[in-house]
Amino acid sequence: MPIMINSNLMTIEDLADYLKVTRRTIYDWLKHNKIPALKLVGQWRFKKEKIDDWLEGQSQQH
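Numbering (the numbering used here), first residue to last: 615 to 676.
In short, the hints are calculated from the structure, not lab data. The structure displayed is predicted, hence computed values, not measured ones. A hint or two may mislead.
Unchecked claim - No more than 20 Å apart at the CA atoms, straight line, and that leaves these computed lysine to aspartate or glutamate pairs for EDC-like:
(1) K662 with D628
(2) K634 with E663
(3) K662 with D642
(4) K653 with E627
To be verified - Computed Cβ-Cβ distance ranges for the label pairs, DEER-style:
(5) Q675 with V655: 17 to 27 Å
(6) T639 with K661: 11 to 21 Å
(7) L633 with K653: 13 to 23 Å
(8) Q675 with K634: 15 to 25 Å
(9) E670 with D631: 30 to 40 Å
(10) D667 with H646: 10 to 20 Å
(11) Y632 with K653: 12 to 22 Å
Virtual Cβ for every residue (Gly too), placed ideally from N, Cα, C.
Put together the whole structure using the sequences plus the hints.
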């Protein structure tokens, strides 16, 4: 049985829903390299663990 490496990856829509922000906000963060992301086959994907770590870092800066 193949291992599903993409099972913990979120799409832009998933991430926008998870963070309660708009897709436009996500694209803006991507444009300015503000958020950890992977580009797979021309599509952005986000690891939940990396996003959670990034959020933790953001909250410690303020």
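Checklist entry - So which hints don't hold here, by number, going up? => result Of the numbered hints, 5, 9 do not hold.
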